[in-house]
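Since each chain comes alone in its own frame, lean on the hints to assemble the complex.
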Amino acid sequence: MKRLCFLSPDIAHARNAIAALRKTGVGDRHLYVVARHGVDLEDLPDAGPEDNDFLPAYERGLALGGAGGLIAGLLMMVFPPAGLALGGGALIFATLYSAGFAGLLSGLVALSVPSSRLADFQDALAKGALLILADVPGKDIARCEAAVRAIDAQVEILGLEPPAPIFPST
Amino acid sequence: MRKDKAALRNALILGATIVGLVIVTIFLARNLAG
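Going down the list, the sequences are from chains A and B.
Heads up: the first sequence at position 37 corresponds to 37 in the numbering used here, and the numbers run straight through without jumps.
Heads up: the second sequence at position 9 corresponds to 179 in the numbering used here, and the numbers run straight through without jumps.
Isolated chain B, as found in the complex (with noise of 0.2 Å):
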């Protein structure tokens, strides 16, 4: 089914995008803490 490979692809560029953001978030707080 290809409706879910597509479904499948938009998971896992949501969950990139999320990973990301968590990442860049870390970065600032570990920044603005030291």
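With the rest of the complex left out, here is chain A (with noise of 0.2 Å):
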């Protein structure tokens, strides 16, 4: 899967588009339109898990909160704290608890936050373009473009190889 994504002026264009890319047997769950709040999208598939920074915010956290809690634990070990012997177990404990604790602080900042990996377009979005972006087996990418470009030949088309996801995405 490859995916696929241009910037659509307006709701017609993106309307067009969709349909030219579900007329090539792209399914509705590999579709997704991202536009600024407060934009309708009707009956267009909507952005799903693209909406917000979640994952990958919840993803760095666990990872540098994980680091994190693991140096700390080590310090812990090398100079323990007055009257505590800290074993193993205490390093365990500093690990799990600062990339849980990490983990969660950043998912929660992140759901309010537009998702990172869409930031070169989001100029666009506030000027209230719409972003399609679509999920494209390898062998039908070339089919998909000329589809899109059969109904705006001006319209710029990026590939977005999208990230191996840690929890499956729905």
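There could be a bad hint or two in this list.
To be verified - Covered stretches of chain A (in silico footprint by chain B; criterion: 3 or more residues with CB under 8 Å from a CB of chain B, positions within the stretch not fixed):
hint, segment
1, 41 to 50
2, 88 to 100
3, 106 to 117
If you are wondering where the hints come from, they were derived from the structure by calculation, not from laboratory data.
Here the structure is a predicted model, which means the values were calculated and not measured.
Beta carbons are placed, not taken as given, at the ideal position from N, Cα and C, and that holds for glycine.
Take a look at the structure:
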């Protein structure tokens, strides 16, 4: 699967492009339309998990928090606080606890932040354009690109490989 | 609505994280008390 993405200037254009992609056999669950808040997508497929930055931020939080906790745990073992004898359990505890806590906090914060993977398109989205993402099997890429270009010859189609998700996407 | 499904999944992940943190805390508290 390769992710194709392109900007539609308005909803009518987006509807035509989505219809063209559907005709080439791309299912609705592989299509996403991202728009700024307040734009009514009507019958177009919504952004789903692309709407906010939760998962990438949660993963970053887990990784950074876990690494930070591990270092803190090692420091606690090397320089134990007065009166406490710390073993391997404390190291595991510090790692797990800070990983979980950092994941929780960064995930919560990211729920209100637009997806960082779509940062390049934020300006266009703010101006009212719609971003269309389509996950297309490798063999169908050329066909899908041709279908979209038949609607609008000037459209700039970018390929964006989706990173392998840690959690299965909905 | 896929947005709702994604929100539900996010909530499940957050809930599981909180439950994990609580379990780790209880485990630690029991160890410290014992």
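Hint check results:
{"no.": "1", "hint": "41 to 50", "in the structure": "holds (count 5)"}
{"no.": "2", "hint": "88 to 100", "in the structure": "holds (count 5)"}
{"no.": "3", "hint": "106 to 117", "in the structure": "holds (count 3)"}
When held up to the earlier numbered hints, the structure conflicts with none and fits them all.
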